[in-house]
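There are 4 protein chains.
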Amino acid sequence: MKVRVAVLGATGTVGQRFIQLLDGHPWFEVAALMGSERSAGRSYAEATRWVLDTPMPAAVRALTILGNEATLDTPLVFSALPSKTAGEIEMRLARAGHVVCSNASDHRMEADVPLLIPEVNPEHLELIAVQRRRRGWSGAIVTNPNCTATGPTMALRPLHDAFGVTKLLLVSMQALSGAGYPGVPSYDAIDNVVPYIGGEEPKVETEPQKMLGTLRDESIELAPFVISAHCNRVPVLEGHLECLSVAFARTPDLATLTAALRDFRALPQELKLPSAPPEPLIVREEPDRPQTRRDRDAGRGMSTTIGRIRACPILDYKFVCLSHNTIRGAAGGSLLNAELMYAQGLFR
Amino acid sequence: MKVRVAVLGATGTVGQRFIQLLDGHPWFEVAALMGSERSAGRSYAEATRWVLDTPMPAAVRALTILGNEATLDTPLVFSALPSKTAGEIEMRLARAGHVVCSNASDHRMEADVPLLIPEVNPEHLELIAVQRRRRGWSGAIVTNPNCTATGPTMALRPLHDAFGVTKLLLVSMQALSGAGYPGVPSYDAIDNVVPYIGGEEPKVETEPQKMLGTLRDESIELAPFVISAHCNRVPVLEGHLECLSVAFARTPDLATLTAALRDFRALPQELKLPSAPPEPLIVREEPDRPQTRRDRDAGRGMSTTIGRIRACPILDYKFVCLSHNTIRGAAGGSLLNAELMYAQGLFR
Amino acid sequence: MKVRVAVLGATGTVGQRFIQLLDGHPWFEVAALMGSERSAGRSYAEATRWVLDTPMPAAVRALTILGNEATLDTPLVFSALPSKTAGEIEMRLARAGHVVCSNASDHRMEADVPLLIPEVNPEHLELIAVQRRRRGWSGAIVTNPNCTATGPTMALRPLHDAFGVTKLLLVSMQALSGAGYPGVPSYDAIDNVVPYIGGEEPKVETEPQKMLGTLRDESIELAPFVISAHCNRVPVLEGHLECLSVAFARTPDLATLTAALRDFRALPQELKLPSAPPEPLIVREEPDRPQTRRDRDAGRGMSTTIGRIRACPILDYKFVCLSHNTIRGAAGGSLLNAELMYAQGLFR
Amino acid sequence: MKVRVAVLGATGTVGQRFIQLLDGHPWFEVAALMGSERSAGRSYAEATRWVLDTPMPAAVRALTILGNEATLDTPLVFSALPSKTAGEIEMRLARAGHVVCSNASDHRMEADVPLLIPEVNPEHLELIAVQRRRRGWSGAIVTNPNCTATGPTMALRPLHDAFGVTKLLLVSMQALSGAGYPGVPSYDAIDNVVPYIGGEEPKVETEPQKMLGTLRDESIELAPFVISAHCNRVPVLEGHLECLSVAFARTPDLATLTAALRDFRALPQELKLPSAPPEPLIVREEPDRPQTRRDRDAGRGMSTTIGRIRACPILDYKFVCLSHNTIRGAAGGSLLNAELMYAQGLFR
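Chains as they are written, first to last, in my numbering: chain A, 1 to 348; chain B, 1 to 348; chain C, 1 to 348; chain D, 1 to 348.
Because the hints were derived from the structure by calculation, they are not lab data.
Computed from a predicted structure; not experimentally measured.
Here a beta-carbon is modelled for each residue, glycine too, at the ideal position from N, C-alpha and C.
One or more of the hints may lead you astray.
To be verified - Only pairs whose alpha carbons sit at most 30 Å apart, straight line, appear in this in silico BS3-like list of lysine-lysine:
| hint | chain 1 | residue 1 | chain 2 | residue 2 |
| --- | --- | --- | --- | --- |
| 1 | C | Lys167 | C | Lys2 |
| 2 | D | Lys2 | C | Lys167 |
| 3 | A | Lys203 | A | Lys2 |
| 4 | A | Lys272 | A | Lys84 |
| 5 | D | Lys272 | D | Lys2 |
| 6 | A | Lys167 | A | Lys203 |
| 7 | A | Lys167 | B | Lys84 |
| 8 | B | Lys167 | B | Lys2 |
| 9 | B | Lys167 | A | Lys203 |
| 10 | B | Lys272 | B | Lys84 |
| 11 | B | Lys203 | B | Lys167 |
| 12 | B | Lys272 | A | Lys167 |
Unchecked claim - The following label-pair restraints were derived from C-beta to C-beta distances:
| hint | chain 1 | residue 1 | chain 2 | residue 2 | range |
| --- | --- | --- | --- | --- | --- |
| 13 | C | Gly87 | B | Gly24 | 22 to 32 Å |
| 14 | D | Glu221 | C | Leu215 | 30 to 40 Å |
| 15 | D | Ala259 | A | Pro26 | 53 to 63 Å |
| 16 | C | Pro82 | A | Gly87 | 45 to 55 Å |
Claimed, not checked - One side of the interface only, derived from the structure: several residues of chain D facing chain A at Cβ under 10 Å:
| hint | residue |
| --- | --- |
| 17 | Thr54 |
| 18 | Glu69 |
| 19 | Arg133 |
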């Protein structure tokens with residue numbers, strides 16, 4: 001018997017990724033779909049402009065899309081709702097007893113809401129008890145971070161543990177899919193770089209400190225480092241490539257740093273969660289890797305790939321970091337969160 | 001009577017840009033073309049796979065390409081030779097009395113060779129006298145910098161003068177044209193970012209200090225700041241967009257910094273050199289500018305466009321900088337160097 | 001004294017092209033702009049997301065956009081309105097005495113409305129007298145054809161005259177800009193071809209016969225040939241490239257056919273209209289031209305470029321035809337129509 | 001025990017596809033690799049610039065590449081050699097007893113060499129006996145067609161059988177990968193269409209008639225229809241999309257035509273060959289499908305997808321046809337040929 005799940009915002013691109021990744025999932029099965037007024041009452045096949053490169057799974061084609069105010073009977077809910085819209089709906093469902101794994105930014109920075117990457121801060125799930133007690137909920141809200149913060153935070157986990165990160169300067173080259181659909185007009189994308197993504201840099205500059213923070217007395221003490229981010233849109237379909245420069249409290253030599261990244265394994269690997277990649281961090285030795293198109297699917301889009309580790313003349317080290325923005329950075333990240341919670345008995 | 005000029009490496013992409021920019025030039029006219037063995041003896045039209053988007057100028061079509069060992073009678077020579085090849089040939093011609101304006105990297109960092117951007121360090125042309133004396137040449141070699149170093153160095157000129165640059169961290173998103181022709185295979189370019197360009201970062205990390213250095217006792221004292229560069233190839237045709245973070249000895253407020261950039265004018269503007277843009281630095285206020293495709297042609301490809309000036313949480317300020325890599329960053333930069341030298345009577 | 005003109009639908013991409021092409025025009029000057037409710041009352045600079053690669057002309061920045069029901073005092077009006085919206089508004093203005101040069105499809109196929117390419121059917125302007133008489137208007141509506149029909153129709157003019165076209169089969173590879181802005185989502189465009197453009201094929205299969213038709217007794221007798229069109233969207237920014245196969249009543253030899261295309265000149269060239277290209281048809285000899293990016297700007301975007309003329313094993317000849325879709329195929333085509341009408345004294 | 005196979009031209013892009021598709025194959029395993037002088041003697045990992053988006057299979061990394069004159073002990077040989085080079089080497093190996101499945105064009109049109117698509121003309125394998133007898137070989141050469149001819153020929157098989165094809169006019173929009181690596185320079189590809197591919201049209205205009213021809217008295221009587229092809233290079237990575245117009249001896253109605261395509265099954269499906277797609281032809285009903293990126297991987301790159309079937313005003317019907325050029329159109333097609341031969345006991 002699989003756990004029945006609902007997907008909110010099911011017709012959008014992140015919603016489609018949820019449905020794609022849940023197709024054939026060993027633990028979960030899609031039982032309900034929710035959508036905006038425009039879609040509610042229609043079949044999923046009819047209401048959805050499916051944009052992914054694999055076909056729409058047969059199992060969802062005939063499901064009737066429910067409106068955002070519907071009552072659900074699925075223990076688990078994935079939210080691909082746009083920010084602003086997500087806030088209220090997710091709270092209503094958590095209050096009604098559902099575990100909501102949300103990709104939306106609305107609740108990410110709230111003190112009692114886990115902002116979770118299972119390889120990074122699984123212990124933050126203890127906040128759920130706090131959240132339930134404070135808010136009187138039987139369900140819960142758990143969030144995954146912004147897609148651009150995801151890869152760097154995974155890379156920083158072993159580095160922060162071993163050497164104490166003090167500064168991170170990053171420049172992103174982000175995929176078009178990050179803007180959803182229709183998203184970036186092609187007339188703005190072809191033969192162009194847009195050096196700005198509204199609202200992105202503040203998220204990237206604050207979310208990692210929460211994830212790498214320490215749970216103490218029912219709240220999270222932010223990790224004490226500073227981030228400077230510059231976010232750019234480049235003409236690639238999927239995959240956020242980022243150039244990072246990092247300073248440490250205790251600067252390691254290059255071999256030690258590289259080993260820390262390469263040897264990193266964490267709870268999802270230990271638990272063999274269905275969506276966990278064997279290697280959360282893949283370190284490439286070739287001078288010209290990772291490349292966006294060739295490496296974004298590493299670990300079925302769940303690994304973060306690192307390359308070009310070398311000294312930085314200004315901070316301590318610099319390197320390149322690639323993460324699939326709509327898999328690990330969105331639906332896949334949220335799914336892995338749910339798998340961890342399920343493995344830990346947080347819902348059934 | 002226009003000055004007759006020769007173009008070395010005339011069939012390559014930078015050579016083509018020289019010929020394109022010299023078409024209709026008020027002071028100079030193309031009188032000789034040099035090429036490799038493969039091309040020598042053939043007409044330019046026959047030997048050249050013209051790749052630019054404007055037609056091949058009629059005036060050069062019938063010119064017979066000379067071999068690299070030919071004797072020239074043009075006072076001025078532009079070199080679009082590849083590095084390694086350029087070194088010997090340029091020296092032979094300088095020794096023979098020609099003024100060689102070179103885009104090649106071979107001689108850039110030699111102590112008595114000006115590495116010149118007319119808006120940045122026109123006084124470095126005094127090195128020519130040193131060069132001639134030391135080497136016993138009647139001609140001279142003057143170089144322009146690497147395309148990726150060009151825009152940032154122009155932007156740093158007024159900032160360094162006013163506030164004393166101490167650190168520069170930059171990440172580039174470079175155009176495909178920078179790799180020449182055939183250059184980057186399309187199968188590597190489409191839907192991809194390659195986070196590596198062989199040999200590029202060392203140039204970008206050292207050339208600006210020479211250009212912003214001080215001429216003292218017949219040699220250049222390097223400007224005392226450190227640069228960290230990360231160079232990436234993105235799928236755009238022309239234009240290098242770079243994200244810069246800068247620290248200063250005397251940190252200005254935002255308005256003062258912006259005004260220093262916006263108000264910058266220099267000798268080429270004063271002399272009204274034919275290729276000098278009215279504004280060497282254009283500061284854009286919109287949050288999403290400069291964009292590579294939309295702004296690379298500003299000032300006919302000779303202006304550097306700056307945007308998104310804001311505080312950097314790690315260094316002092318960060319901003320975006322765009323420069324046309326094959327115009328200002330290559331043939332156009334070299335041409336402006338020649339115009340300055342001509343205006344100053346260094347050849348006739 | 002220049003003729004004052006208004007632009008309807010001024011904020012869209014075709015509207016922007018009108019404004020770009022009218023900047024510095026020797027006969028016309030922009031005096032009024034109209035826009036939708038969303039834009040009306042705001043300055044053009046404020047209301048417009050300018051997407052072209054040259055800057056917004058200074059002269060229009062401060063113009064206040066009028067609503068679509070405004071009264072105008074400009075003799076000439078260019079319409080960049082979307083189809084459906086255009087119909088009523090254009091009729092109101094024609095009734096009120098304005099000459100409306102429209103890029104919209106609404107009135108193109110009406111019996112008393114000229115569907116005009118000045119090189120193709122200038123004599124169809126005689127329909128204006130019919131139109132005015134029948135409708136009781138003091139103004140007039142004149143239309144230019146669909147962008148995909150434009151290049152082929154220009155190419156067919158000399159061929160139909162000399163050899164009698166009987167069949168035309170064409171396959172288009174159309175630019176993204178043809179869909180307007182935001183138009184095609186980048187997620188649909190990169191690394192993709194979409195073999196369908198809604199509503200396009202019927203226009204391409206019917207408009208050429210009207211333009212190449214014969215004015216007889218105040219109406220146009222359609223040219224008696226049949227067209228089969230297949231329209232595709234490919235990832236290029238501007239320029240529609242089309243593969244044509246043509247059959248003739250009197251099949252010429254290759255040299256005669258080529259000469260007919262190459263030697264074609266028409267009334268706009270004779271009158272030296274400001275936007276008329278010296279060569280309406282440019283025939284390229286190289287095996288791999290025209291190429292979309294390299295040839296779309298030929299004749300400042302007003303020439304149609306033809307190449308690869310050769311025998312077709314099924315019809316008689318096949319060749320490639322390239323036309324700039326938002327210049328000759330939209331705003332530039334409409335502007336040339338207005339220039340012809342002005343030269344012929346149809347308004348002042 | 002798997003059949004040991006060799007791959008000729010193993011380091012190129014088609015060679016890489018062979019190796020990718022053979023990884024984990026149920027019947028065949030890579031035992032030998034051959035390459036040019038430049039590669040011979042080096043390990044595959046060292047000699048190969050791997051360009052595909054999945055990692056190089058571990059099993060081949062350490063294989064030492066043999067020179068083209070080496071002796072092989074594998075019953076089966078796949079040839080990814082470039083044309084011209086392929087001819088002699090393939091003959092030497094066939095003479096020496098190897099079954100050579102070749103993607104090269106050199107032998108395709110020879111009278112006693114099968115030009116094979118298993119769904120189209122499996123009976124042409126009878127030519128092998130003729131070939132062996134005439135040439136005194138113990139091995140054999142079997143070829144697969146040009147990538148651009150492959151999809152249309154598959155689509156024509158059921159149509160020709162039922163309705164008798166008389167004319168085919170096709171326009172292709174071909175992927176960059178078809179030119180190999182480095183292949184098309186990115187500076188020619190981005191924002192561009194090149195309406196020419198050297199040597200392509202003659203192949204497309206002649207190979208289908210051989211494949212759809214009738215084996216009679218030990219030779220193939222060409223199918224009596226005429227083809228006109230226009231081949232274009234568009235900026236997509238993989239997948240050739242083609243617009244076809246077809247005339248028939250016995251014109252069916254639309255439903256009958258569609259059913260003939262949709263219901264087509266052939267020998268590979270019956271034999272359940274490992275690489276055979278369940279549906280050789282997939283018919284899409286949506287107006288905007290197939291799209292290159294979204295449908296090229298249908299049937300793991302082995303299905304041909306058809307869409308937009310409709311009447312053609314000039315010939316009888318027109319439709320769109322998409323086939324993966326480096327899978328079904330190259331290495332995958334050759335592999336399916338080998339599977340059919342193995343299933344029929346032509347080697348062991």
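So, going through the hints one by one against the coordinates:
1. Lys167(C) to Lys2(C): This hinted pair is violated, its Cα atoms lying about 44 Å apart.
2. Lys2(D) to Lys167(C): 56 Å, violated
3. Lys203(A) to Lys2(A): 35 Å, violated
4. Lys272(A) to Lys84(A): The given pair, whose Cα atoms are some 35 Å apart, is violated under the 30 Å limit.
5. Lys272(D) to Lys2(D): Judged against 30 Å, a Cα distance of about 18 Å means the pair holds.
6. Lys167(A) to Lys203(A): 16 Å, holds
7. Lys167(A) to Lys84(B): 40 Å, violated
8. Lys167(B) to Lys2(B): 44 Å, violated
9. Lys167(B) to Lys203(A): 26 Å, holds
10. Lys272(B) to Lys84(B): 35 Å, violated
11. Lys203(B) to Lys167(B): 16 Å, holds
12. Lys272(B) to Lys167(A): 45 Å, violated
13. Gly87(C) to Gly24(B): 22 to 32 Å: With a Cβ separation near 47 Å, Gly87(C) and Gly24(B) fall outside 22 to 32 Å, so the hint is violated.
14. Glu221(D) to Leu215(C): 30 to 40 Å: The hinted range 30 to 40 Å is violated for Glu221(D) and Leu215(C), with Cβ atoms some 54 Å apart.
15. Ala259(D) to Pro26(A): 53 to 63 Å: Violated, since Ala259(D) and Pro26(A) (Cβ atoms, about 39 Å apart) do not stay within the stated range.
16. Pro82(C) to Gly87(A): 45 to 55 Å: At roughly 36 Å between Cβ atoms, Gly87(A) and Pro82(C) fall outside 45 to 55 Å, so the hint is violated.
17. Thr54: 8 Å, holds
18. Glu69: Given a least distance of 32 Å, the restraint on Glu69(D) is violated.
19. Arg133: 48 Å, violated
Going down the numbered hints, you'll see the structure goes against 1, 2, 3, 4, 7, 8, 10, 12, 13, 14, 15, 16, 18, 19, while the others check out.
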